[in-house]
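J.: Going down the list, the protein sequences come from chains A and B.
As numbered in the numbering used here, residues 1 to 403 make up the first sequence, in order.
As numbered in the numbering used here, residues 404 to 806 make up the second sequence, in order.
No lab work stands behind these hints: they were computed from the structure.
Just so you know, these numbers come straight off a predicted model, no measurement behind them.
The C-beta atom is built at its ideal place from N, Cα and C for all residues, glycine as well.
A portion of the hints provided could be inaccurate.
Claimed, not checked - Facing chain B, from chain A, some residues (calculated, C-beta under 8 Å):
#	residue
1	P191
2	R211
3	A249
4	A348
5	G371
What the hints assert, rightly or not - These stretches of chain A come out as covered by chain B in the derived footprint (C-beta under 8 Å, 3 or more residues):
#	stretch
6	234 to 244
7	267 to 278
Stated by the list, open to error - One side only, chain B facing chain A, incomplete, derived with CB under 8 Å:
#	residue
8	L551
9	G593
10	P594
11	V595
12	H625
13	G627
14	T628
15	A639
16	A642
17	S682
18	S717
Number of protein chains: 2
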Amino acid sequence: MGLEVGSERVIARCRELAALSEVAGETTRTFLSEPMREVHARVGAWMATAEMRVSIDAVGNLRGVWGDEGLPRLVIASHLDTVPNAGAFDGVLGVMLGIAVVERLEGVRLGFAVEVIGFSEEEGIRFRRPFLGSMAVVGTLEEAELGLVDAGGVTVERAIRRFGLDPGRMGEARLARGVFGYLEFHIEQGPVLESMGRALGVVSALVGQTRLEMTFTGQANHAGTTPMELRRDAMAAAAEWMVGVEAGARGCAGLVATVGRVEISPGAGNVIPGRVVASLDVRHEVDEIRREWVGEMVRGAEHAGKRRGVGVGSRVLLEQGAVALDREMTERLRAATGPDVPVMTSGAGHDAMIVAPHVASAMLFLRSPGGISHHPDEAVLEGDVAEALEVGVRFVMGFEAGE
Amino acid sequence: MGLEVGSERVIARCRELAALSEVAGETTRTFLSEPMREVHARVGAWMATAEMRVSIDAVGNLRGVWGDEGLPRLVIASHLDTVPNAGAFDGVLGVMLGIAVVERLEGVRLGFAVEVIGFSEEEGIRFRRPFLGSMAVVGTLEEAELGLVDAGGVTVERAIRRFGLDPGRMGEARLARGVFGYLEFHIEQGPVLESMGRALGVVSALVGQTRLEMTFTGQANHAGTTPMELRRDAMAAAAEWMVGVEAGARGCAGLVATVGRVEISPGAGNVIPGRVVASLDVRHEVDEIRREWVGEMVRGAEHAGKRRGVGVGSRVLLEQGAVALDREMTERLRAATGPDVPVMTSGAGHDAMIVAPHVASAMLFLRSPGGISHHPDEAVLEGDVAEALEVGVRFVMGFEAGE
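One chain only, chain A, in its complex shape:
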């Protein structure tokens, strides 16, 4: 099978699966939702055709193993769930590339097996908790997660049972003992590779992240009768802080910071804002740098507030350390891709972040045209997919060659 045929098929399969949705006319497929049954049926059939032994574990991960049961095992995985109104490639592409790599191994005999996993949950939409699928596989899914409740009052445990699975068998979802490596293909979901004119990038680390909720408390008052010097305008303080956040992030290499949510009250055009609640999302690959920078921004907010008689509070919603991927695995992936391949950090979380503390892991990014993701316009270039498939095959064969 030629390269072109392989990448065309990978893309066609992603598009085919994108039609399996909870909402007609778009792609929305959350954890163990109805359309996931048909996804399992089709992807399972493709796996079986590629001579893989297919199963569904207790958390709903679709798993296909190519090669003998007792052999050491390399895992290639990504996720099959989507955000609401998603594109066709986030997650799904990684699973389809895993299968395509196995298809390319047809007739080959290796000293290890390859397991392709389509995780049931990565996006955290249905239960507001991401990574349920990969957590089950590394054994970190706890009772607490099984008790999470969705918008309809259904627990994770109940959702699993309704799908016809047995949450009591969660232990069997764990990776086999002989797993020696993990590879994840994923679209970049950002503009970096495109801006460099490159198809592929090797991920060396997934950034750490702090999420804060900042609260600015001033005094709501009449917009016409309150002179500027007697105001305690919460939005003015928040705006000064936001300008500082942007400038501070631009001044710190590799750091990104975002104020994405702003709630202003009372929120009328003719009333001075008495209260503003704003989110701050900060990411950097070095935890120390991220934490210091966040501290600086909190002090900046307090300063902006103080000048205006506006009180400032900050609350940590998430504090997640950076995860470095395995040096040797990443070096192998770099070698399989080409010596001048960009080595980059991932600003987004991925299943590799959950797996990496347990299994030597590597991750390959594919260029995202326009940097667009989590949107129906999400795309990949066929040539990039062909290159990624070729890299995957070389990466797998590299272990056989004993490199």
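Since the structure of chain A is provided, determine the placement of chain B on it from the hints.
T.: Leaving out everything else, chain B in the frame of chain A:
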């Protein structure tokens, strides 16, 4: 009757009327709502006791005339409607002070009559159009206003009929020919008098106002995967603009500018804001200064947007010129108050703004403790009310003395 007794009674009447509400436990009384009937009954009785001829005109204004029909006439007026969950004094205090002034004229014979009006509508809550009461009185209430529809689908015209009034008799609501002056007492609803340590202020003008809706259009994107230099963050542009608005307003004497409403989309903590819609409310007593300043701010927004690849649009929602009050009437009121009384502009709109183009008008502000208004905590100081009542009596008697 001593001064103290007069002011105590004025305050007690305001508090009594505050209990007449559409919503139990708070003060909410919109245009011709049910509790307005009882307000008319009680206030009408107080007017009658003060020897006033009481009537309700076609727009629901309560009117009491003291003195013979054929005499020239001085009007003292304010409004009887309230905002939702209001205080006891906004509007109502002006009507109660008008009646108290007349009570103080007991036994006096003047060469003119005094008409006290309690306007039925000033706040613009029910039909989202303020000043219906005073517009009817000066003859500027049009058919268009009668066709306005409230949240329940009821027109102004229908509301009038339901209240038992005849909209066909709107012409009779107009002021009598002999009206030579208009006085309005009102709480300041701002902190200026309190910050000066003064009880009363004479209003020389009501500021003009521009309301804009600003739209910042960037590109929503992933907060983790989009480097700072590749972002088109609508909120960052808006924040820079807001900081400029605040600094620009502080730099322009007498101008106030407020960004009170901010809508950010998509509005998730981990998504770069693609679009921000923000309100801008600008007020100044000189129209030219206000208009130039607004132009500067729009250019500032465009500049902040351009630096980030964010498009900026602005839409004028309201453009209302400043209204100067009558120089002679204001001078009389200043004389009645005391030569060192603060002369100030009103940053809020009041019925005097509607009446002033038609009748020589003056306006007296009473200190608002804490600058608080449109809130149950809205208050007045009894000594301030006593002083205002005294000023009102001197103001009225001044015309008789031929000053």
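J.: Report the numbers of all earlier hints that the structure fails to satisfy, in ascending order.
T.: Violated hints (numbers, rising): 8 and 18; every other hint is consistent with the structure.
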